[in-house]
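*Asks:* So the protein lines, in turn, are chains D and P.
When the first sequence is numbered by this note's numbering, its final residue is 761 and no position is left out of the sequence of numbers.
When the second sequence is numbered by this note's numbering, its final residue is 385 and no position is left out of the sequence of numbers.
If you're looking for bench data, these hints aren't it; they were derived computationally from the structure.
Note that the structure is predicted; figures quoted are calculated from it, not measured.
Among the hints, erroneous ones may be present.
Claimed, not checked - Dumping the calculated DSSO-like pairs for lysine-lysine here, alpha-carbon to alpha-carbon at most 30 Å:
1) Lys568/D to Lys285/P
2) Lys582/D to Lys271/P
3) Lys595/D to Lys289/P
4) Lys581/D to Lys289/P
5) Lys582/D to Lys272/P
6) Lys57/P to Lys383/P
7) Lys289/P to Lys239/P
8) Lys306/P to Lys368/P
9) Lys306/P to Lys217/P
10) Lys369/P to Lys205/P
11) Lys302/P to Lys568/D
12) Lys593/D to Lys272/P
13) Lys217/P to Lys582/D
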Amino acid sequence: MREEIKIRLLQNLLEEVTKKYDSILYLKEQKLKDTYLMAIKDELTGLYNRYYLKDYLAKLIEKLKRNQNNKLFLIFIDLDNFKLINDTYGHNKGDNVLKEVAEILTVNFRKYDVISRYGGDEFIVLLESNEHPTKKINALRQKIEENFKEFNLSFSYGISIFPDDIEDINMETQEIIKQLIEIADKRMYEDKTKREKVI
Amino acid sequence: MKTQVFKSQEKTLPFALENIKNQIDKNFDSYDFLIFAISPDYPYIDINYYIKKVFNTEKYLGFHAIHSFCDTEIVEGISVAVIKFERTGKVEFFYLEDIDEDDTVIKTANYFNSNPDKLHIVIGGLGNKKRFGTFIEEVSQFINYQPVNNIIGGVSSGHRDANGEVLSYQFVDSKIIKNGFVIITLSNIDFAIDIALGFKPYGVTYEIKKAKDYKLYLVDDNRNFSDITRSFMKGIDNFDIRYLWYIPIYILDDEEGYVATLRTFKKVAKDYVEFFGPIKEGQKLKLSFATPEELLKENFKIAKKVKERIEYCEILFDFSCTARQYVLEERQREEIEIYVSTLNSNLFGFFTFGEIGPDKHLKKLKFYNETSILLAMKER
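Construct all of the structure, not just a fragment, from the sequences and the given hints.
*Replies:* Here is the structure:
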């Protein structure tokens, strides 16, 4: 009788230990996941941050070096007149606008495109495609302008293309990343200057 | 020191005491004091009266014990240790009747501090508002000498009577002590002690988040420990709380225990689990388990250690937890047989509701559960 009770007690103890062990493992996994997300996401907008962008970009370039059927479009977006919102309405309002812009970007690109907040009001989108995205970006700009009419918000952009814009695709991947961002940034400034002249 | 242990299991108190007196008279012309372990089945109100009437002495201490030890026998009746000094040995009694009174902790600590070179055997009750384990650990904070290796003891064991009183009383100086304790202080005595455990910790670690006195409410993730305990009881018909004595909790972060501090389950309530000793917030615990073989192996180990220290002795005391004895099942007698045969001496002792002994570094007093504390003595 006592032996049966002891066996049952130990079975119950083992069950509790298993449950507790599973719960510890689950919590650890959750914590790892949360830590990973905190490391790769921008806290304000929930978009990817620049560290993840560069990491992903490196992998994508390595892939495209081996398979050159597709192209990579790096779209550098910089908001126009955003500083004015911050100065006029305060930083809370500015933060809300950034969050809304991030939402619009997320909705208007594909799930597998990588959208990141690169700096204050700068965003970089990575598209792997055969079709040049100018038409898509212009439509997006129109949406942003309509959505934030009251703030006169818009954006300038520049696009760099891998492998088209890179002279030697066998150079170091980090150097390619640097060049792609610089080219897109430069083209974004050209677009901004051109638009300012028109206005 | 001449010592001997006698017993009687006569049904009535006067007959049992007369029976013991006859045995003592055959072996002793006189004695210095008597220690009675008395079953709570005898009417406690008559104990002082009959002891004085039968033995015609004031030099005694009695206390409740559901079972006591007389050499290698477990007695459900009365066991008596008879002590007759032959050289320089002396005995005194110190007692306080109510541990709930404000100055009891300081008075007790002062008593120990005034007698650091003597051996103190403490026999306490369960406690009323303040539990005896909590009291002992409070006293420990005020002990100002080291090493604290001269204080040991146990809590009297009893059961609830028809009036709802838990009979774990002491009898001294014509008084019935219901909420206090008695200390037997021995001078000019050489002694050795050790504490046997034998339980091993198993499974995952819990951290105690909410606890008070002897009650444990919540562990990590704010889980009710009562729910966890109930899950251990699953599938066992006619559940008896004593079944949980097989798996006492094992306090991990108390590095100061002479052996690990175990706590024995007393009650599983809706919101808490009550134990037979203090539980503190922040402590970490595991569950533990032992087979009778493991417990007896530990008894043998400490018996050998005590023998190495004292060489020979004139009497042994065993304060053995009631829960430990339950886990030993039909092998209960083997514990005292090991002690008696290893140390070749008479043995007196009883089933306790908690044991008192030093910590690992002999700096403080600890309150233990599910241990056996062995004391070997000889007169200087």
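*Asks:* Give a verdict on every hint.
*Replies:* Going down the list of hints, with the structure as the test:
no. : hint                 : result
1   : Lys568/D to Lys285/P : 28 Å, holds
2   : Lys582/D to Lys271/P : 24 Å, holds
3   : Lys595/D to Lys289/P : 27 Å, holds
4   : Lys581/D to Lys289/P : 18 Å, holds
5   : Lys582/D to Lys272/P : 23 Å, holds
6   : Lys57/P to Lys383/P  : 28 Å, holds
7   : Lys289/P to Lys239/P : 24 Å, holds
8   : Lys306/P to Lys368/P : 23 Å, holds
9   : Lys306/P to Lys217/P : 35 Å, violated
10  : Lys369/P to Lys205/P : 24 Å, holds
11  : Lys302/P to Lys568/D : 20 Å, holds
12  : Lys593/D to Lys272/P : 36 Å, violated
13  : Lys217/P to Lys582/D : 24 Å, holds
This entry does not satisfy hints 9, 12, going by the numbered hints stated previously.
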